[in-house]
Amino acid sequence: MSPRPTPPVPPLRRLADHSRPRVILAEDDEVLRDTLVEELLSRGYEVRLASNGVELTDAVIEAVQGRAPVPDAIVSDVRMPGATGLEVLELLRRYDWRVPVVLTTAFPEHELHVEALRLGASEVLEKPLDLERFRRVVAEAVS
Amino acid sequence: MKLAFQLATVVGLGAFAVLAVDFAFTVHRERAVIEAEMRADHERLLGLIAPQVEVALVNAGVDGARAAVPRVPDPSVWLSVEPRREATRLEGWLVSRRPLGSSGFDLVAAESTVSEEAFLTGSLVQRGLTSLAIAVVIALLAWRFSTRVVSRRVEGLVQQLRDVGAGRDPGPLPAMGRDELATLARETNAMTLELRATREALEEEHQARLRAVEQLRHADRLTTVGRLATGLAHELGTPLSVIAIKADRLREDERASPGMKAQALVIRDRVEFIRTLVRRVLQFGRPLPPMRRHVDLEALARDVVAMVTPLATKRGVTVHVHSVEPAVCLPVDPHQLEQVFSNLLVNAFLASAPGQRVTLALGRTRREVGGVAVDCVLVTVRDEGVGMSDDVRAHVFEPFFTTRAVGEGTGLGLSVCWGIARDHGGWLEVESAPGKGSTFSLVLPSVPPEEVTRESTSHAARAAAATAG
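Keeping their order, the protein sequence lines are chains R and Y.
Everything in the first sequence is counted per my numbering, starting at 1 for the first residue and increasing by one.
Everything in the second sequence is counted per my numbering, starting at 1 for the first residue and increasing by one.
Where hints are given, some of them may not hold.
Heads up, incomplete: computed chain R residues facing chain Y, CB under 10 Å, no partners named [unchecked claim]: (1) D29; (2) L32; (3) T35; (4) E39; (5) D77; (6) W97; (7) F107; (8) K127; (9) L129; (10) D130; (11) L131; (12) S143.
Label pairs and their computed distance ranges (CB to CB) [as the list claims (entries may be wrong)]: (13) Y:G231 with R:E132: 24 to 30 Å; (14) Y:G231 with R:E140: 42 to 48 Å; (15) Y:A208 with R:D34: 55 to 61 Å; (16) Y:I267 with R:L41: 21 to 27 Å; (17) R:R94 with Y:R217: 43 to 49 Å; (18) Y:G231 with R:R98: 31 to 37 Å; (19) Y:A208 with R:R98: 56 to 62 Å.
These aren't lab readings, by the way, just hints derived from the structure by calculation.
From a predicted model like this one, the values you see are computed outputs, not experimental measurements.
Just so it is clear, CB atoms sit at the ideal spot from N, CA and C, and this is done for glycine as well.
Modelling step: build the complete structure from the supplied sequences, incorporating the hints.
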């Protein structure tokens, strides 16, 4: 058995020219996605959008490979077509990539909380989202 | 034919036969006695007259001898001198002979037995009638005796068996004495008892099965309703997020007028209401697993009672706590059970009129869980209030079922309690009738199906859930 190839790990520090915090936002509901983007942009975040699990995975891989800027935080829905937020979280862990991940979910089940915390999610937000709390959690994640 | 009649007939005929045989012997003996007496008389008479007849026979021949025979006043006796002959029987006559020396002639005395026979016949008839009367009396006595001793007891047995066969529950038969009927009665009593025990066991089993089926059906219905409600709650999460955030942003918008901001606040407030509702539905559908630790249920109940007593006082209702056993300790989630107790108590208060009492009682019981009888803890909350119709009772644990006015309750309280009871391996029961108050019972198996092992993980999850909320 050959050892698993180690993927290139980008530096975890913020880039010098990077003044605005970068967030990848993954949400399959278009209206909620637009609402959250609007909110994040108005708070001065640079946002990269993903409308499903596949796009989120692509965005993460691009960042890992250095083809895209490294995000300061990922805000992702749990249930999405293509891949779930948990699977992406697992992918990040496999790359040992400690970017803070905030999960949002309308399925606040016990097992989900346990699994998310085990995989190192920094927060699980239950829907319906509370704006105050959303702001605070994202701000804490990028800091 | 009735047994008593048969017995009486047999006894009567038997008695008659015995008496008849006895009588036959008696008649036979009497006849012999009479004959012997008559023969003795003849001997005496012949002995007296023989000498003179013998002299006459020698002197005057046969005719002279016959003439010498004296006349006897009894017309039934006839005396004569006849040639000697072998003794012969003559029907209706008793004949005695005495030889007259060696002359070849006998002195003969013949007496009619007709009057003796008539006497014997009369005696025969009289004693026959007496025997018959005695036999009849004996038969009657036998009939009476067998009626009392046999027939009534047999009829009692028959009635008993008929009752048992028809499913009635007769009391035990009297079984005094050592005869066969008493033994039969004892055996019948034993069989009746055994049948009753069997029947009761069957009935109990049937009831238990019915309850189990009803419970399963109920659980199934609640699960379906819960799944539906949960699905709806999930679907609501995303659009509600949008509405809440938009409203919040509108409130913060500097360009918005105070009127618009006020409207946004109303929207926000209503979203909050729906959020609470959704959370409770989700809790019913998929509540957090209980975080169990050993808790003294009575202490917990008293805490809750103390907490809700002001509401009871306000409504003029008194609350009592009964505990049959000093310590009922179970591994439970105290917060969840608090929720159940307070829900049941508050419901009881709301159903009660001023002056009525609400009783929370703790006890132990044995119930069947999955076909096995297990020890359970029983917590009942009883009120004397308005009670429920069967229809209400059938739906009382379903989410959104409420009998209160719109806005006074979500109808989720009892369904959440039901979910909590289920997650503790137990269930809720309700007994109620209109006007007769209601009794809600929380039944918790003393040995929970899963042991208290996931406490640490549950703690983490609860902490996460609490912060996420």
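Right, here's what the structure says about each hint:
1. D29: Because about 5 Å separates R:D29 from the closest Cβ in chain Y, which is inside the 10 Å limit, the hint holds.
2. L32: Nearest chain Y Cβ about 5 Å off; hint holds.
3. T35: Cβ of R:T35 sits 5 Å from chain Y, so the hint holds.
4. E39: With a minimum Cβ separation of about 6 Å from chain Y (threshold 10 Å), the hint on R:E39 holds.
5. D77: Given a least distance of 9 Å, the restraint on R:D77 holds.
6. W97: 22 Å, violated
7. F107: With a closest approach of 6 Å, the R:F107 hint holds.
8. K127: 3 Å, holds
9. L129: 4 Å, holds
10. D130: This interface hint holds because 7 Å falls under the 10 Å limit.
11. L131: 4 Å, holds
12. S143: 17 Å, violated
13. Y:G231 with R:E132: 24 to 30 Å: Given a distance of about 28 Å, which is inside 24 to 30 Å, the answer is holds.
14. Y:G231 with R:E140: 42 to 48 Å: Given about 32 Å between the Cβ atoms, the range is violated.
15. Y:A208 with R:D34: 55 to 61 Å: Since the Cβ atoms of Y:A208 and R:D34 sit about 58 Å apart, the hinted range of 55 to 61 Å holds.
16. Y:I267 with R:L41: 21 to 27 Å: 22 Å, holds
17. R:R94 with Y:R217: 43 to 49 Å: 47 Å, holds
18. Y:G231 with R:R98: 31 to 37 Å: Once the Cβ atoms are compared, 35 Å apart, the range 31 to 37 Å for R:R98 and Y:G231 holds.
19. Y:A208 with R:R98: 56 to 62 Å: 58 Å, holds
Of the numbered hints stated above, those contradicted by the structure are hints 6, 12 and 14, listed in ascending order.
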